[in-house]
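Visitor: Chain residues, written in single-letter form:
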Amino acid sequence: MFAYISRRLGVLFVILFGSSFILYNLAAISGDILESLRLSREPNAQQQIIALTRDLNLDVPPPLRYFLWLRGILGVFIGSPDFGLTRTQQPVINEILLALPATVRLVTAATIIAIVLGITIGIVTALRQYSRFDYAMTFVSFLLFSLPIFWVAVLLKEYLAIQFNNFLGDPTIPLPWLIGLSVASGIFWAAVISGTRARVFQIFGGVFALNFAFLSFLSATKWFANPSIGPIGIALLSVGVAYGVTQLSTGITNKAALKSSLAMAAIAVALYYPVQWLFAQDAKAIIYPLMVITLFVVAGVVPLKFTKIDRGPIIRTSMISAFLMGLLLVINELMQTWQPYMETDAVYFRPIPTVGQVNALLEPGNFWMSLLDALVHMFLPTLALLLISFAGYVRFSRGTLLEVLNQDYMRTARAKGLTERTVIMRHAFRNTMIPLTTIMVVDFVSIIGGAIITERIFGWIGMGTLFNQAINTYDLNLLMGVFLLTGFLAVAANLVADLLYTALDPRIRAGSGGK
Amino acid sequence: MAFRKDKAPVDSELSGEQAIFNKETEGLSQGQIVFRRFVRHKAAMTSVFVLASLITMVFTALETKIGPWTIPGWWKHGFEELLDLRTEGCPPGIVGCPTIDAVPSFIDGTGMGLGMHPFGQDDIGHDYFAMVMRGAQRSLYVAFVIGTLAGTIGITVGAISGYFRGWIDSVLMRFTDFIITIPSIIIGSVVGYHFGNLGVGFLAFYLGLFAWTGLSRLVRGEFLKLRELEFVDAARVAGASNRRIIFKHILPNAVGVIIVSITLLMSGAILLETALSFLGFGVVAPDVSLGSLISQFQDSFTTRPWLFWWPGLLIITIALCINFIGDGLRDAFDPRQRRRLTKKDKENAKVQARNAAANV
Chain A
1 MFAYISRRLG
11 VLFVILFGSS
21 FILYNLAAIS
31 GDILESLRLS
41 REPNAQQQII
51 ALTRDLNLDV
61 PPPLRYFLWL
71 RGILGVFIGS
81 PDFGLTRTQQ
91 PVINEILLAL
101 PATVRLVTAA
111 TIIAIVLGIT
121 IGIVTALRQY
131 SRFDYAMTFV
141 SFLLFSLPIF
151 WVAVLLKEYL
161 AIQFNNFLGD
171 PTIPLPWLIG
181 LSVASGIFWA
191 AVISGTRARV
201 FQIFGGVFAL
211 NFAFLSFLSA
221 TKWFANPSIG
231 PIGIALLSVG
241 VAYGVTQLST
251 GITNKAALKS
261 SLAMAAIAVA
271 LYYPVQWLFA
281 QDAKAIIYPL
291 MVITLFVVAG
301 VVPLKFTKID
311 RGPIIRTSMI
321 SAFLMGLLLV
331 INELMQTWQP
341 YMETDAVYFR
351 PIPTVGQVNA
361 LLEPGNFWMS
371 LLDALVHMFL
381 PTLALLLISF
391 AGYVRFSRGT
401 LLEVLNQDYM
411 RTARAKGLTE
421 RTVIMRHAFR
431 NTMIPLTTIM
441 VVDFVSIIGG
451 AIITERIFGW
461 IGMGTLFNQA
471 INTYDLNLLM
481 GVFLLTGFLA
491 VAANLVADLL
501 YTALDPRIRA
511 GSGGK
Chain B
516 MAFRKDKAPV
526 DSELSGEQAI
536 FNKETEGLSQ
546 GQIVFRRFVR
556 HKAAMTSVFV
566 LASLITMVFT
576 ALETKIGPWT
586 IPGWWKHGFE
596 ELLDLRTEGC
606 PPGIVGCPTI
616 DAVPSFIDGT
626 GMGLGMHPFG
636 QDDIGHDYFA
646 MVMRGAQRSL
656 YVAFVIGTLA
666 GTIGITVGAI
676 SGYFRGWIDS
686 VLMRFTDFII
696 TIPSIIIGSV
706 VGYHFGNLGV
716 GFLAFYLGLF
726 AWTGLSRLVR
736 GEFLKLRELE
746 FVDAARVAGA
756 SNRRIIFKHI
766 LPNAVGVIIV
776 SITLLMSGAI
786 LLETALSFLG
796 FGVVAPDVSL
806 GSLISQFQDS
816 FTTRPWLFWW
826 PGLLIITIAL
836 CINFIGDGLR
846 DAFDPRQRRR
856 LTKKDKENAK
866 VQARNAAANV
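Sequence lines, in order, name chains A and B. Counting from 1, one number per residue, gives the positions in the first sequence under this note's numbering. Counting from 516, one number per residue, gives the positions in the second sequence under this note's numbering.
Heads up, some of the hints might be wrong.
To be verified - Non-contacting residues of chain A with respect to chain B, defined by C-beta distances greater than 12 Å in every case (computed): (1) S36; (2) P81; (3) L98; (4) T138; (5) L155; (6) E158; (7) L181; (8) F212; (9) A263; (10) K308; (11) V347; (12) R350; (13) T422; (14) M433; (15) T437; (16) R456.
As the list claims (entries may be wrong) - Only pairs whose alpha carbons sit at most 20 Å apart, straight line, appear in this in silico EDC-like list of lysine to aspartate or glutamate: (17) K740(B) <-> E403(A); (18) K222(A) <-> E158(A); (19) K580(B) <-> E596(B); (20) K591(B) <-> D802(B); (21) K557(B) <-> D134(A); (22) K740(B) <-> D849(B).
Stated by the list, open to error - If we take Cβ atoms under 8 Å as the criterion, some of the chain A residues that face chain B in the derived model are: (23) G10; (24) V11; (25) L23; (26) G75; (27) V76; (28) I115; (29) V140; (30) F142; (31) S146; (32) L147; (33) G487.
FYI, nobody ran anything at the bench for these hints, they're computed from the structure. Built from N, CA and C at the ideal position, the CB exists for glycine as well.
Next comes chain A alone, as it looks inside the complex (with noise of 0.2 Å):
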């Protein structure tokens, strides 16, 4: 395992060296870094274009340049890496240092939801072959596939950002779309529940009436003006939560599971106004770390109030249950943060911007303001991101799924008399995830370089700006930084994945070829 690491790691060294090297001469050939300064009129033209020459070496030429620039990288190994200067004589690696969080910030978010929902979504539709929502699924996979993220952006933008704007200056739902959104969200059910005929306008009915109900009472009590859940509503989903994740992780007949899930429940209720007052102090950062691990703690050490045995799946899911409730009543705490947003100076009244990446105006001090200002500008990027790779998620699970269902263990689990639950979730859903793990690994960097595009419709300051700011500029110290940040991380990518898939899979062998 060592030795294969070591040869896969050299390998590395050796192919990021031979396309540095050439990248560096196709820039260095394409265009000069100097042309705008010699036909600049500015008095001191001359002098800046001393400078740059020394402080470049742009007398060497670029083969022998780039084992210049080279010498300074390998300055790693030494604990003194130089990435050189950029066009502005600013040291390169502080410019990807400020640049670096915003990519990741943008990359994280939509990638973890379009994982999220689009293997829950890609499992349902292989879970119902061939059924009406896997045909609309497909559609719909299809159509985002084949959609331009420029497009998509400025379609966002006018429609999601600027409407919604609208909407919150009056938030009162129009009749027409009430019974739209209840419509849609009633055949979504039912296509997702299905059943017999009868069944399934049962469900379209419920969800209607339900969702009908729901939004007239939104809309008439303003809620969208000044959200929140409130201790009702969380008491409620909380109850959910721990339903719906014992169902999922150990079955609802597991008692001891669905206590100590429920049990969490009312420790999330009983915190609502303790947590709410902690909120609110203000308190210095460290405060919420600590939070966090006194939740898990709490959630590990509860179940075993409730049984002796077969601990590890029931803390599991009290864990999980935690975590969510945790979660809600964070969205909560955001959510009654909204209206004293809305109506600081810096917003007043258009919290969905359409450009930027933090609302310079706002006065910084407020945590909660704060976080919540990054939210609204990471909103639309983050969406339109995750419109574009939701759908290869969505194809590939489903993909996987439905191979995995056609194996004989699969028939095999399902004659030991196993619950359909645990047939899906434990074998089927296991055995999915081995090859989506390693495509999500890949996919996560390869965003890094790649969300060139989406930075610069939204005007965020990320590596893809970085990156092409370098290129118009014939920057090539400042692009080199770039590429080789993430062509390093493209390529580590690739070899991680592959431990992880030899991890994860007992039957596949490092080193001995194939993959």
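Following the hints, complete the assembly by docking chain B onto the known chain A.
Guide: Okay, now just chain B, sitting in the frame of chain A:
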């Protein structure tokens, strides 16, 4: 590898679904089976039809120059022709609105028709329909060049490394890894930004040189699997040359994987070209592509949305059609893929089983 007919069920044990499928494929060659399955895929067949009509329309709309000959197009304006900006009939303050009217006369009384400028005009009077047609030509052309070039390179590299294995395989696969690390958008940007004026053909050629990596890995995997099968051994024992084994024995069996990934490559190429043109690295003025049109008019969306809708809709239609055709081909080539049985099929099967039982 698939479609073996020697395992046809003899007795009524398999007389369920299997019997229906076997009955359908009896006495057909692999090509015929694949073709039949493809024709049955409704979405794919619709896509073939839509795409074919679209291609015909797009490529005959404008006049084309091939060498010294000029073939006139059926549309009256060229994409570079400067015309008077039309203002009548437009909302106040807006020029060059579209004249297409798809609402029949019994509803709004004006009747259906294309009018002078069906998609409207741009800021200085170019006919937008002609521009969109030109853009679609460029995009389709890029997709075709990239598909062909990347397809050829990918198949060659994958086939050689999968078939010969050993050091050739290592070298070629490391070379592939090396190309993979250079993101195609970087190549497109570097090349397009500085050589964009050399025309769209050059851009497509360069992108094609870097777009084959995924395909070559797939083809290599197929070749590694197929070369171990008995029929390849048989061919070798019979004295077939390497070339003959590759082209006559292995390649036809891998053709499903290849065709499917080339279609995906093409739809990806359309999106890549539009993305590059959007960033300003792809097709440059005075030539237009669908991406550059969207990029140019994205700020006009609130006032003149049609400038934005038409190129976008065309991109989506083309990419969607190619994707659906790819899906249809995948299903057609996949031996395990079965169509859903209709009620009629099941009825027929029951009747057959009953007859068989009666005959015993």
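Visitor: Against each hint, give a clear statement of whether it holds in the structure.
Guide: Quick rundown of the hints versus the structure:
Its beta-carbon lying about 14 Å from the closest one in chain B, S36(A) satisfies the requirement of being farther than 12 Å from that chain. The claim that P81(A) lies off the interface holds: its Cβ sits roughly 19 Å from the closest Cβ of chain B, which is beyond the 12 Å cut-off. No Cβ of chain B comes within 12 Å of the Cβ of L98(A); the nearest lies about 21 Å off, and the non-interface call holds. With a cut of 12 Å on Cβ distances, T138(A) falls inside the contact zone with chain B, its closest approach being about 8 Å.
With a cut of 12 Å on Cβ distances, L155(A) falls inside the contact zone with chain B, its closest approach being about 8 Å. The Cβ of E158(A) does not lie farther than 12 Å from every Cβ of chain B; its closest approach is about 6 Å, which violates its non-interface assignment. For L181(A), the non-interface assignment is confirmed: its Cβ lies about 24 Å from the closest Cβ of chain B, beyond the 12 Å cut-off. Its beta-carbon lying about 31 Å from the closest one in chain B, F212(A) satisfies the requirement of being farther than 12 Å from that chain.
Under the 12 Å C-beta cut-off, the non-interface status given to A263(A) relative to chain B holds; the minimum distance is some 46 Å. The claim that K308(A) is not at the interface with chain B holds, since no C-beta of that chain comes within 12 Å of its own (minimum 47 Å). Non-interface status of V347(A) relative to chain B is upheld: no Cβ of that chain comes within 12 Å, the nearest being about 22 Å off. At the 12 Å boundary, the C-beta of R350(A) stays outside the reach of chain B, the nearest C-beta of that chain being 15 Å off.
A cut-off of 12 Å between C-beta atoms confirms that T422(A) is not in contact with chain B; the least separation is 25 Å. Non-interface call for M433(A) relative to chain B: holds, since the shortest CB-CB distance, roughly 21 Å, exceeds 12 Å. Every beta carbon of chain B lies more than 12 Å from that of T437(A), the smallest distance being close to 19 Å; the non-interface claim holds. For R456(A), the condition that its CB be more than 12 Å from all CB atoms of chain B is violated, with the nearest at approximately 7 Å.
Restraint check for K740(B) and E403(A): the C-alpha separation of about 18 Å stays at or below 20 Å, so the hint holds. Between K222(A) and E158(A) the alpha-carbon distance is near 23 Å, which puts this suggested pair outside the 20 Å criterion. The straight-line distance between the Cα atoms of K580(B) and E596(B) is roughly 16 Å, inside the 20 Å bound, and the hint therefore holds. Under the criterion of a C-alpha separation no larger than 20 Å, the hint pairing K591(B) with D802(B) is consistent with the structure, at around 18 Å.
For the suggested pair K557(B) and D134(A), the alpha carbons sit about 15 Å apart, so the restraint of at most 20 Å is met. Restraint check for K740(B) and D849(B): satisfied, since their Cα atoms lie roughly 16 Å apart, inside the 20 Å limit. Taking 8 Å as the C-beta cut-off, the interface hint given for G10(A) is violated, the closest approach to chain B being about 11 Å. Annotation: V11(A) was flagged as interfacial toward chain B, and the flag holds, the nearest CB pair being 6 Å apart, inside 8 Å.
Given the 8 Å rule on beta carbons, the hint for L23(A) holds: about 6 Å separates it from the nearest Cβ of chain B. Given hint, G75(A) at the interface with chain B, is violated; its Cβ is 22 Å from that chain's nearest Cβ, farther than 8 Å. Given hint, V76(A) at the interface with chain B, is violated; its Cβ is 18 Å from that chain's nearest Cβ, farther than 8 Å. The beta carbon of I115(A) comes no nearer than 21 Å to any beta carbon in chain B, farther than 8 Å, and the hint placing it at the interface is violated.
A cut of 8 Å between beta carbons decides the hint on V140(A): the least distance to chain B is about 11 Å, and the hint is violated. For the restraint placing F142(A) at the interface with chain B, the shortest Cβ-Cβ distance is roughly 5 Å, inside the 8 Å limit, so the hint holds. The criterion of a C-beta within 8 Å of any C-beta in chain B is met by S146(A), whose closest approach is roughly 3 Å, and the hint holds. Annotation: interface hint on L147(A) holds; nearest CB of chain B at approximately 6 Å, less than 8 Å.
Hint status for G487(A) relative to chain B: holds, with the closest Cβ pair at about 5 Å, below 8 Å.
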